Amino acid sequence: MMTTTLQIALAGNPNSGKTSLFNEITGTNQRVGNWPGVTIEKKSGKLTKYPNVELQDLPGIYSLSPYSPEELVARNYLIDDAPDLILNLIDGTNIERNLYLTTQLLELGVPVIIGINMMDVVEKNKQTIDIKLLSEMLYAPIVGLSVTKKKNIDELMKRSLHTHATSEGQGQNHIRYDKRLEVALEEIADVIEANTPENRRRWFSIKLFERDEEIRNELHLTKEQQIEINEIIAITEKIFQTDSTSIMINERYDFITRLVEKAVTNKSNFELSLSDKIDHVVTHRIWALPIFALVMWMVYYLSIQTVGTMATDWVNDVLFGEVIPKIATSWLAAANVAPWLEGLILEGIIAGVGAVLGFLPQMIVLFLCLALLEDCGYMARIAFVMDRLFRRFGLSGKSFIPMLISTGCGVPGVMACRTIENEKERKMTIMTTTFMPCSAKMPVIALIAGAFFPHSSWVAPAAYFVGIGAIILSGIALKKTKLFAGEASPFIMELPAYHFPHLKNVFFQTYERGKSFVIGAGTIIFTTCVLLWFMASFNFKGQMVATDKSILAALGNSVAFIFAPLGFGTWRAVVATVTGLIAKENVVATFGVLYAHAGEVSENGTEIWGALRASMAPIAGFSFLLFNLLCAPCFAAIGAIKREMADFRWTIFAIAYQCALAYGVSFITYQLGSVLLGEQDFNIGTVLAMTLIVIVTYFFIRKPANKRKPESAAIQIL
Amino acid sequence: MWATIAIALLIFGYIGVIIYRRVTKKSSGCGCSESDCPIKSHSSDTQ
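Just so you know, the sequences run in chain order A and B.
Take 1 as the starting number for the first sequence in the numbering used here and just add one per residue.
Take 1001 as the starting number for the second sequence in the numbering used here and just add one per residue.
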């Protein structure tokens, strides 16, 4: 076994291609995305070609200031764990901004090698970067490369190992700023000479000059030292007539400007790139949202209504409807197994798991479409567009990134909320991000759309917009309470250039999501189906009985009255909703088991649709869909909410809010919808629904808590 | 009868393995089981 001898830290700005490079050289498949903030924790992997080298993929950061959680993770690793080498990956198309972090990394006293990524795009943009000159000016080795085109990656790794073996890349003492600032930094270095190692003295001097509290505490400076440093800073601030942090920022950018002027030439100045031209349309003030709605409608139309449905129909009707049940029946008959076991396999496992797997083709098409949109850079634009919309309602576009991730799975979506610094906003986003339909909710959407609205193309995409709508409306209402009152935090996001989707990324992401769906069906859904079959076959005395007299029917009937006002007060629908808490696919599996078990249908998926249609009206079906979309997520996501909230009461509050909102929305939809469609007469439920609308409207239009406060204060003073 | 016992053992044994793996899974830090974790943040996946 080879021991790890070399630790390399992979650092750079968000969306500079670090995780793609990491995957390429470690042979792993970490999640990559064409938007900033995909990596929220550091990850490690050994290099395929050099197994004694370990690479740490750090979250993307813009600086080494301890302001955001990602910056803290990266900075703590670089300072405390002291890697042997820093591989700084730079986006060549945004070199000026990327070099800001480089100047800080070079001060750390750790050898740095710089990789300038996206050189293919740089050339396309008619830019040239004089790598040799840049390398000389930064006193660090630089390799130009393109990770997506797999160009020069080997060269970068070879140079990295060479850099470690030699004294290259130690540029901390070679970047020089204004002489007056340098004098101040040297004086601070003299003051802390006894407290710091030589190779890091400049870094500590700069941090102390910037009044970095963490570093000040770490160095355990004496009172005299602190007074002396404060005097040096105060004199320098007087000379520059600005605060010390601004001095450092200005000096860094002055240095970078000089670098870029000499080393970068741009022949396409003032020419709009293709990305700019596309952005003029898709991020248009008025057209952006209708275009987004159209795009999402097309995605769902392709996956749920047309292309995906053709394959799903075959899987449901032929594979799980005829082929597998027939083979299983003949095998079980030949093996002469007990009737109960035959029932368990055919009506429990095949009907339940088959009902979920039947939707796999639709899911694959949907995952493929979403992966294409993400990889080409469109979804990053939607975060920008949504920021404009969210800001009006007191939310930040930062909340959209977790929402975007939640369309895959709510668990990483909730985890991605860590990147939101503002505590109130973070908590609100954690509470609401699982409203987005995750991949496990897709079969539920497809089931309801197929069973009740087979000819309407709006139902499936409506589920997506119901999720966004619930988040926005929650934002409006919650921001007006004392708990969440406050201005939305600023959202700065770099829009990556559009590019043709990388097939490897797209197929990998689709495969990963599809695999996760199949594993879920083969494990948790399988187990639940077996349990459900037993509970639907036996009574409390342990006797085998008809489904309507089973344990499940008794339990479902005992709580069905709660859901009766929502239109789906049947025990089967109630059981499906409750089992959905284990995993949302269970909603579909439960119907599969229960209807197949009752002998109402064979194991044919579309027959389940017919049985479902017979059990409730379309408006009740839609109400059922809304409730299952918005209510508490699965246990795994609830666990993630608990961890991210780090507070039991907040977790309970979040779950209660989600369930109450789901109940309210379903109640209003069913009560008013059934009256409008003539399925019910005007009744007490209609009055209650209208009252609920008035109450909810009050929460939307009332004054925010922070604006109500001064009034009450004034009353107290009077 | 033997076929019934064998198939039943197979099914319940499989369920036992699923539950055992869920209960004893290494914490991935994100709540997902390791095999289907969509973010794969744990280092065991990358080494």
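Just so you know, the hints here were simulated from the structure itself, not pulled from any lab data.
Note that the structure is a prediction, hence the values are computed from the model and not measured.
One should not assume that every hint holds.
Stated by the list, open to error - Here are the simulated distance ranges between beta carbons:
| id | chain 1 | residue 1 | chain 2 | residue 2 | range |
| --- | --- | --- | --- | --- | --- |
| 1 | B | Gly1013 | A | Ala82 | 17 to 27 Å |
| 2 | A | Gly486 | B | Leu1009 | 56 to 66 Å |
| 3 | B | Val1017 | A | Lys541 | 54 to 64 Å |
| 4 | B | Arg1021 | A | Lys150 | 54 to 64 Å |
| 5 | B | Arg1021 | A | Val687 | 34 to 44 Å |
| 6 | A | Gln543 | B | Arg1021 | 26 to 36 Å |
| 7 | A | His455 | B | Ile1005 | 41 to 51 Å |
| 8 | B | Gly1013 | A | Ile652 | 50 to 60 Å |
| 9 | A | Gly678 | B | Ala1006 | 55 to 65 Å |
| 10 | B | Gly1013 | A | Trp331 | 48 to 58 Å |
| 11 | A | Ile701 | B | Gly1013 | 54 to 64 Å |
| 12 | A | Gly469 | B | Ile1005 | 50 to 60 Å |
| 13 | B | Val1017 | A | Ala338 | 32 to 42 Å |
| 14 | A | Lys150 | B | Val1017 | 39 to 49 Å |
Ideal placement from N, C-alpha and C gives every residue a C-beta, glycine not left out.
Comparing the hints with the structure gives:
A C-beta distance of roughly 49 Å is found between Gly1013/B and Ala82/A, which places it outside the suggested range of 17 to 27 Å. For the hinted restraint 56 to 66 Å between Gly486/A and Leu1009/B, the CB-CB distance of approximately 59 Å keeps it satisfied. A C-beta distance of roughly 31 Å is found between Val1017/B and Lys541/A, which places it outside the suggested range of 54 to 64 Å. Distance hint for Arg1021/B and Lys150/A: a CB-CB separation of about 37 Å, inconsistent with the stated range 54 to 64 Å.
Taking the beta carbon of each, Arg1021/B and Val687/A are about 52 Å apart, not inside 34 to 44 Å as hinted. For Gln543/A and Arg1021/B, the Cβ-Cβ distance of about 33 Å falls inside the hinted range of 26 to 36 Å, so the restraint holds. Judged by the Cβ atoms, the range 41 to 51 Å given for His455/A and Ile1005/B holds: they are separated by roughly 49 Å. Between Gly1013/B and Ile652/A the Cβ separation comes to about 37 Å, which falls outside the hinted range of 50 to 60 Å.
Separated by about 57 Å at the C-beta atoms, Gly678/A and Ala1006/B satisfy the suggested range of 55 to 65 Å. Between Gly1013/B and Trp331/A the beta carbon distance is about 19 Å. The supplied range of 48 to 58 Å is therefore violated. Remark: the range hint 54 to 64 Å for Ile701/A to Gly1013/B is upheld by a beta-carbon distance near 60 Å. Checked against the given bound of 50 to 60 Å, the beta carbons of Gly469/A and Ile1005/B, roughly 54 Å apart, stay inside it.
The supplied range of 32 to 42 Å is broken by Val1017/B and Ala338/A, whose beta-carbon atoms lie about 23 Å from each other. Between Lys150/A and Val1017/B the Cβ separation comes to about 40 Å, which falls inside the hinted range of 39 to 49 Å.
Checked against the numbered hints listed earlier, the structure breaks hints 1, 3, 4, 5, 8, 10 and 13; every other hint is satisfied.
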